[in-house]
Amino acid sequence: MIGEGTLALDPLVVGVIVAMALVTALTKVGGLWVLRRIEVSERLEAGLSVLPGAIVIAILGPELAAGGPAEWSAAGVVLLVMWRTESILLSLCSGVGAVVLFRAIV
Amino acid sequence: MTGFDGSDADHDPGDSADRPTDGPVEETRSSDGESVTFSREGVRAGFLTCLPVAIGVGGYGIAFGMLARQAGLSVAEAALMSATVLAGAAQIVAVELWAEPIPVATVVLTTLAINLRYSLMGAALGPWLERLSPSRGYGSLLLMADENWALTMRELKSGSGRGAFLLGTGIAMWVFWVASTIVGATAGGVIGDPARYGIDFVLAAVFVALAAELWEGRSTLVPWLVALATAVAAAELVPGRWYILLGGFAAAAVEVIRHDR
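Chains A and L, in that order, give the protein sequences.
For the first sequence, the numbering used here begins at 5 and goes up steadily by one.
For the second sequence, the numbering used here begins at -1 and goes up steadily by one.
Extracted from the complex, chain L is given alone in its bound form (with noise of 0.2 Å):
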């Protein structure tokens, strides 16, 4: 319940910089002097931060482990994907295309368009995660979902060299990511519809608070603009899950072209 300050603060007690200051920011160009480690440290505190998030999360994975049971799948078929795949949006729209017989090559196809943002994502975190080792970069990637991403870079955004947080957040959202998709896999049908108890809000409201965490000032507005647009049109106009791709390629181009002035 501290949040994120506390873990923030627990560590690096001579370090001032180590707060992210509330104004304007001005180039986290974090790549240049300051020096990316990757200590159990940063594992701890990433694990530490990221707890309350995959609490948060969990709740979508007990909802994800009853829509698999409803599609068909076993218990242990479900908790399989979620240790192996670790991406809830897909997992999800995956077992809504789950049917009989499985159409393979759609399910497959829908999942490598939803997780295209990772690579963009990915692609984020490359100013620090290139200064590792390429194991150590690479394996942390592989438990990067959404919400452990978005904490994640505003860590390093803030300075804090902390290569190894991703990691920490990554485990955080395994073990409850797969262990709630159990719980829910297991209730199966004994819970009935899950809008009844709010649990289909969950994944926006992480992406509100995250939202909240994110916003950097006046200097955020035209690039959120821009994605907020492109997404709600393309979601319109475009099949499948293309337009979270889109939106962020189109705020990303924006601020590219702005970058001159």
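Okay, chain A solo, but in the shape it has when bound (with noise of 0.2 Å):
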């Protein structure tokens, strides 16, 4: 079904995504929240330095194992873009590029 109204707010659907905002901001905050009626210990530290990296690669993982030649050659040119211009935007930019130029080759 395609919504008509542009501005129809339906209860049930408003309600859907306050749960979900509810659930979702719980997420947020939690972790901070265990964090600061814990010990944390040097080890569990040094555990939580490597998350952001980890968690990173763990989403990005999946995600290009689902894709081709295309997406993997434009992944390259996202890191080489990154390592030589350290600028986020371009290397955005030419990984977008790339992606749909490769897949019209490929």
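In short, the hints are calculated from the structure, not lab data.
Be a bit skeptical, because a hint or two may be false.
What the hints assert, rightly or not - Between beta-carbon pairs, the in silico distance windows are:
| no. | chain 1 | residue 1 | chain 2 | residue 2 | range |
| --- | --- | --- | --- | --- | --- |
| 1 | L | Ser37 | A | Arg40 | 21 to 31 Å |
| 2 | L | Ser37 | A | Ala108 | 47 to 57 Å |
| 3 | A | Ala69 | L | Ala185 | 25 to 35 Å |
Cβ coordinates follow ideal geometry from the N, Cα and C atoms, glycine included.
Each chain sits in its own coordinate frame; assemble them with the hints.
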């Protein structure tokens, strides 16, 4: 069903959105809340410090594995541009441009 | 276009330790000794640093808006979801699950599962956010999404002590996420297939760029390989988005074990 109303707010839809917002808010503040209440050892801190990159890789790995040569090559382009220029915007644009190009070729 | 370095260099002129060094990062234990501030300047720095990323995420927001509209949500409903949930992957999966009647439990539980990683990410910011008042710390976290979390992590690890950085990046994310959702939902069916314009690749591109940023040299290799192997295997074997959490946990666990040596 394609909703026609641009500004329509269905009560059930709003309810589901509010529920989504609540569980999401809970996940966002939950980690810090727990952390404030327990003592963190140096060992655990070392574990936490690798989380940023590890989660990025955990999201990225399956995402790229589901792609094909076009996506892999475009990811290489992003990496290369990022390495050279350190500009997020430039590497994003190159990557998106590259994926469109590679998809057309492959 | 100046990237991160420009905004870093603009401020704290007296602090030469401000710039991250490229050497092996030895225990970024900024929790000791160094103060964490919460200033307007920090908000501004975060906003400006996140701006190019937020613009990139806008491409993703347009895709979400279009998907939401196709799933039957109105522009107002799509915008409301973006404004209150602010979690790209979860929102896109949610509208993919959307049907008539709405599978409420599935949508809410899947949202929870996808976003559980935010607890880990919030905890990773803990050493700095703990030093702010609860309202500032928790309030900033509400605006946390993947991309601005990574930028904030990088900033705070560099030792700048800008506690308001997360809030600034969050504001940039929120503004562009909501605005691009409205654009996408309004454009609706006008643009046909997001894949034709490479919009579906924006998320992957953002993460490749962030991975390049987060690379800390050889010490990063083992935890990243563990995360990669775990996530790819779990994505095949476990339903939903649990693989993200599993990958993160596995890497952290390995690092905790390795810490002795």
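Against the structure, the hints:
Range check, Ser37(L) to Arg40(A): Cβ separation about 22 Å, and the 21 to 31 Å hint holds. Distance hint for Ser37(L) and Ala108(A): a CB-CB separation of about 48 Å, consistent with the stated range 47 to 57 Å. Evaluation of the 25 to 35 Å hint for Ala69(A) and Ala185(L) yields a pass: the beta carbon distance comes to about 31 Å.
When held up to the earlier numbered hints, the structure conflicts with none and fits them all.
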